[in-house]
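For reference, the chains in residue letters:
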Amino acid sequence: MIVADAVRFVAGNKTILQDVGIALERGEFVGLLGANGAGKSTLLKCLARLVAASAGRITLDGRPIAAFGRREFARSVAFVPQFMPTDMPLTVMDLVQLGRVPHLRGRFGPGDRRIVFAALEQMDLVPDAFRPLAELSGGERQRVALARALVQEPRVLLLDEPTSALDLRHQLQTMRIVRSLAADRGWSVLAAMHDLGLAARFTDRVALLAGGRLSRIGGWDSVLTPDAIRAAYGVTAVVGCVQGLPYVLPSEDEPAARSQSA
Amino acid sequence: MADGHAQRGPAAALEAGFAHRAAQRSAWLTAGTILLIGTVMVAVSQGVNDLGLGQVAQILLRDLVPAGQFADVTVIQEKIVWHLRLPRVAMAVVGGAGLAVTGVMMQAITRNPLVSPFTIGLSPAAAFGASLAILFGALEAGFVGKYLTVGGAFLSSLLCAALVLLIAGLRAVSATTIILAGIGLTYLFSALTATIQFVATEEQLAAIVHWTFGSVNAAGWDEVMVASLLLVVAVPVFLNLAWVMNAIGAGDETAQSLGYNLRRVRLTTAVLSVLVTSGIIAFTGVIGFVGLVAPHMARLIIGNDHRWLIPFSMIVGALLLLVADTLGRSVFAPAVIPVGIVVAYVGVPLFVHLILRQRQVAGP
Chain A
1 MIVADAVRFV AGNKTILQDV GIALERGEFV GLLGANGAGK STLLKCLARL VAASAGRITL
61 DGRPIAAFGR REFARSVAFV PQFMPTDMPL TVMDLVQLGR VPHLRGRFGP GDRRIVFAAL
121 EQMDLVPDAF RPLAELSGGE RQRVALARAL VQEPRVLLLD EPTSALDLRH QLQTMRIVRS
181 LAADRGWSVL AAMHDLGLAA RFTDRVALLA GGRLSRIGGW DSVLTPDAIR AAYGVTAVVG
241 CVQGLPYVLP SEDEPAARSQ SA
Chain B
1001 MADGHAQRGP AAALEAGFAH RAAQRSAWLT AGTILLIGTV MVAVSQGVND LGLGQVAQIL
1061 LRDLVPAGQF ADVTVIQEKI VWHLRLPRVA MAVVGGAGLA VTGVMMQAIT RNPLVSPFTI
1121 GLSPAAAFGA SLAILFGALE AGFVGKYLTV GGAFLSSLLC AALVLLIAGL RAVSATTIIL
1181 AGIGLTYLFS ALTATIQFVA TEEQLAAIVH WTFGSVNAAG WDEVMVASLL LVVAVPVFLN
1241 LAWVMNAIGA GDETAQSLGY NLRRVRLTTA VLSVLVTSGI IAFTGVIGFV GLVAPHMARL
1301 IIGNDHRWLI PFSMIVGALL LLVADTLGRS VFAPAVIPVG IVVAYVGVPL FVHLILRQRQ
1361 VAGP
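Taken in order, these protein sequences are the chains called A and B.
Counting from 1, one number per residue, gives the positions in the first sequence under the numbering used here.
Counting from 1001, one number per residue, gives the positions in the second sequence under the numbering used here.
Possibly wrong hints are sitting among the right ones.
[As the list claims (entries may be wrong)] Among chain A residues calculated to face chain B with C-beta under 7 Å, some are:
hint	residue
1	V51
2	A74
3	F79
4	P85
5	D87
6	R105
7	L172
8	V235
9	V238
10	V239
[Claimed, not checked] Simulated restraints, written as ranges between beta carbons of each label pair:
hint	chain 1	residue 1	chain 2	residue 2	range
11	A	R213	B	A1013	27 to 33 Å
12	A	V10	B	A1194	46 to 52 Å
13	A	D5	B	G1017	44 to 50 Å
14	A	D19	B	L1300	33 to 39 Å
Quick caveat, the hints were computed from the structure, so don't treat them as lab data.
Glycine residues also receive a C-beta, built at the ideal position from the N, C-alpha and C atoms.
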């Protein structure tokens, strides 16, 4: 279980995160919500140890994350950025193999290969396995990045907008896979997301960031109230549930609310 | 997921594809090696005193096969091959391989396909060092003078690299800072060289200009040994970094989250690349283009997986420089055109072709 306590992150003279506390249980899938610039990516990067928090404490199973060795940490926590550069494009196969790196002792063996093949199958990437990344669409690349994280077999999976470029079918598929990783393998998953309906439907809890602070965390029906959405995003929203499927429909932009949250 | 019932199918297809790719890449490596050996034989046979390939084989394998196994050779022919042609051929092979592999490594750590050790100003810096040595009497110093020029070029390019890394190190060691610092220093060292040319005597000026052409004319076994030694140290390290280079291609965040210390990896790679490159161009003069073109050709053929790209780029670089040098000394024989010039004539059309082709692949 990964726990952030009173995390603060300052870049230059701008405070990006302030007093953020969040705990992810084993096997829990949490959606990280909030407007652009609310600090979602920064929080993920702090948890992934890509940047060091300016203050506060982050622990993984009770140990400060800074105490982990690099490879050991990479075997425990996987991070999927929103974009992958394609200036030096590897093939899908070569890229997904990289996920095994923290586990490799010497050669890339048949066992590693099986794990890679299974992830490619799971992410619908078998037909594209030997294509260079540059030829793939944004959505396909996102699935490649997730496949790479799957073969990393971490305990904590941190995803930065994993469905932002996916079509409807692959959005559902990806969310279903991520949820099953949490439920069946016991991974803790934190995913920054913009699709509130999708987050409400698939995650166990949602956390709402506004202005660098974690304003609410809990079940979607308690967090995603019209008031909270107005405060965080500056829009009025209709929130509801049809046939068990939650939805959030934004309507008018409210200038007054926006300046309030800024 | 939908075809879960046919799980054997996709896995078997992937396994077959995986094996096929590995076989394909091995085949390219093998073919490249054979081609390189063949080209070495042809290169050695070419010259004022033309030899047959049988004679070349006889001379090269003289300790392994009985006399007259492939062909009859004279003592003079043996001496020509061992003391004149082979060192220069070896220098072309070592130089080409070294410049190509450092090009691959520098491109990988900066994630920029247009970078080579020369982008960071090494060649103008080496030219400055050589010019300075020539200005201070390297021409008159005979045997010592030769090493004065080499040493000047080597130290000066190391100085340039140290400056680049220092500037880049003050901020994050990123592609942009390395390239920008390199561009700045390129202009600085070019200006310094021009200043020296301005005050140099006519004889010195000729020597400076000749040095900047880049050639393997003067290569002897000593030079080959020094340059090879650098490669022997650097290449195993580079091969060991192949996975990291792949990871950096997937982005710094991904590479870092896979457990790599990118700062250390970049520094190691840059320092070794600079040493190898400086060690080669100190002996050969400016032969920059190989470091840019050979990696690209290798990429197009074998792909961007550095486990294969690193060795294959060395073969391509060696071939390119060897072919250019052999053309340079046989097409207008007995005149010898410096390889630094020929390699641009051979390389530029290839390079343009690659750029055009790359646009097509990348698409709109």
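Quick rundown of the hints versus the structure:
| no. | hint | in the structure |
| --- | --- | --- |
| 1 | V51 | violated, 10 Å |
| 2 | A74 | holds, 3 Å |
| 3 | F79 | holds, 4 Å |
| 4 | P85 | holds, 5 Å |
| 5 | D87 | holds, 5 Å |
| 6 | R105 | violated, 13 Å |
| 7 | L172 | violated, 11 Å |
| 8 | V235 | violated, 30 Å |
| 9 | V238 | violated, 33 Å |
| 10 | V239 | violated, 30 Å |
| 11 | A:R213 x B:A1013: 27 to 33 Å | violated, 50 Å |
| 12 | A:V10 x B:A1194: 46 to 52 Å | holds, 47 Å |
| 13 | A:D5 x B:G1017: 44 to 50 Å | holds, 47 Å |
| 14 | A:D19 x B:L1300: 33 to 39 Å | violated, 52 Å |
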